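J.: The lines below spell out each chain.
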Amino acid sequence: MNEIGGVMKRIGTIVALLLATQLTAFAQDWDPGGTLKKLSTRASKTVDVTLDRSMLQFASGFLDAKDPDQARARKVIADMKGIYVHSFEFDKSGEYTEQDVAAIRDQLKGPEWSRIVNVRSKSEGQNVQVYFRKEGEKFKGLVVIATEPTEFTFVDLVGPITPEDLRALGGQFGIPKVEMDQNSAGKKGESK
Amino acid sequence: MSDKLEQELKKALRRVEPPASFAERVLARAAEEEKPGAPLRPWPQWLGMGGLRWAAASALCAALATSGLVYHHERQKQGEEAKEQLMLALRITSSKLQIAAEGVQQMNSPEENQP
Chain A
1113 MNEIGGVMKR IGTIVALLLA TQLTAFAQDW DPGGTLKKLS TRASKTVDVT LDRSMLQFAS
1173 GFLDAKDPDQ ARARKVIADM KGIYVHSFEF DKSGEYTEQD VAAIRDQLKG PEWSRIVNVR
1233 SKSEGQNVQV YFRKEGEKFK GLVVIATEPT EFTFVDLVGP ITPEDLRALG GQFGIPKVEM
1293 DQNSAGKKGE SK
Chain B
7 MSDKLEQELK KALRRVEPPA SFAERVLARA AEEEKPGAPL RPWPQWLGMG GLRWAAASAL
67 CAALATSGLV YHHERQKQGE EAKEQLMLAL RITSSKLQIA AEGVQQMNSP EENQP
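Same order as they appear, the protein sequences are chains A and B.
Just so it is clear: in the first sequence, position 76 is 1188 by this note's numbering, and no numbers are missing.
Just so it is clear: in the second sequence, position 15 is 21 by this note's numbering, and no numbers are missing.
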């Protein structure tokens, strides 16, 4: 009887440990907040935009359909669940380290994440990485990590993203357009 | 002379008894006015009560309209702010995707691929 009790206790402990591991993994799945908070304390200029679904719907009601940019914005955010943008400017380079960026990047290594684009410009020190979150065959989110010596930008778009949305986002909203290769959105590219 | 005047004054001011039905008529009139279904009181008092009701209703309407306008104004302001935030977020996203697109384009251009 005691042996059965001991075995049950061990099974219980193993199940609890497995659950704890799963819960920890889930909690760490996507939480860049700690790193971003750390960077914001060092930044000289911070832009924080946090728009959840209800705020997006609310904002959508105020978009002017006659304005081309705003009409495009309404289309892009129609099914979005959230838009989170954090951009930091620093007075001098070296205010954030590669480890800080890696702390965020490491969270995008799960099977649902795919790095689509990694652009590095050694001359300008620019580095832009674009990640897609996939669920089956559908894109369910987009993350952009852009770094410059004195600037760090993190963009998290939560919700279904279509290639049309991507084309609408690239080179719109007052930014001159460079045609995005339709195929590049579907394959991993790296420019160094 | 003075006696004659005195006599005339006494005659003029002598007590005169009211007609026999006077008391009954006064009591009947008073009873009629106290009945519940009696007609409303005469003009000045009735108008005073109505005016007060109208003033209270008007004040309530004005208060409701004012609070509605204030709420609408606040909502409009919050909406415009949310819209500005959204457009800023999309501009930042667009600018970074633009850099990525330029990088990919450079990588794909024939000049870049030449040895």
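No wet-lab data here; the hints were simulated from the structure.
This structure is a prediction, so every number in the text was calculated from the model and none was measured.
Be careful, since some hints might not be right.
[Said to hold, decoys possible] Using 30 Å as the maximum straight-line C-alpha spacing, the simulated DSS-like pairs for lysine-lysine come out as follows:
1. B:K89 with A:K1250
2. B:K10 with A:K1178
3. A:K1150 with A:K1221
J.: Each of the hints needs a verdict: does it hold here or not?
T.: Against the structure, the hints:
no. : hint                 : verdict
1   : B:K89 with A:K1250   : holds (28 Å)
2   : B:K10 with A:K1178   : violated (109 Å)
3   : A:K1150 with A:K1221 : holds (22 Å)
The structure does not agree with numbered hint 2 stated previously, though it agrees with all others.
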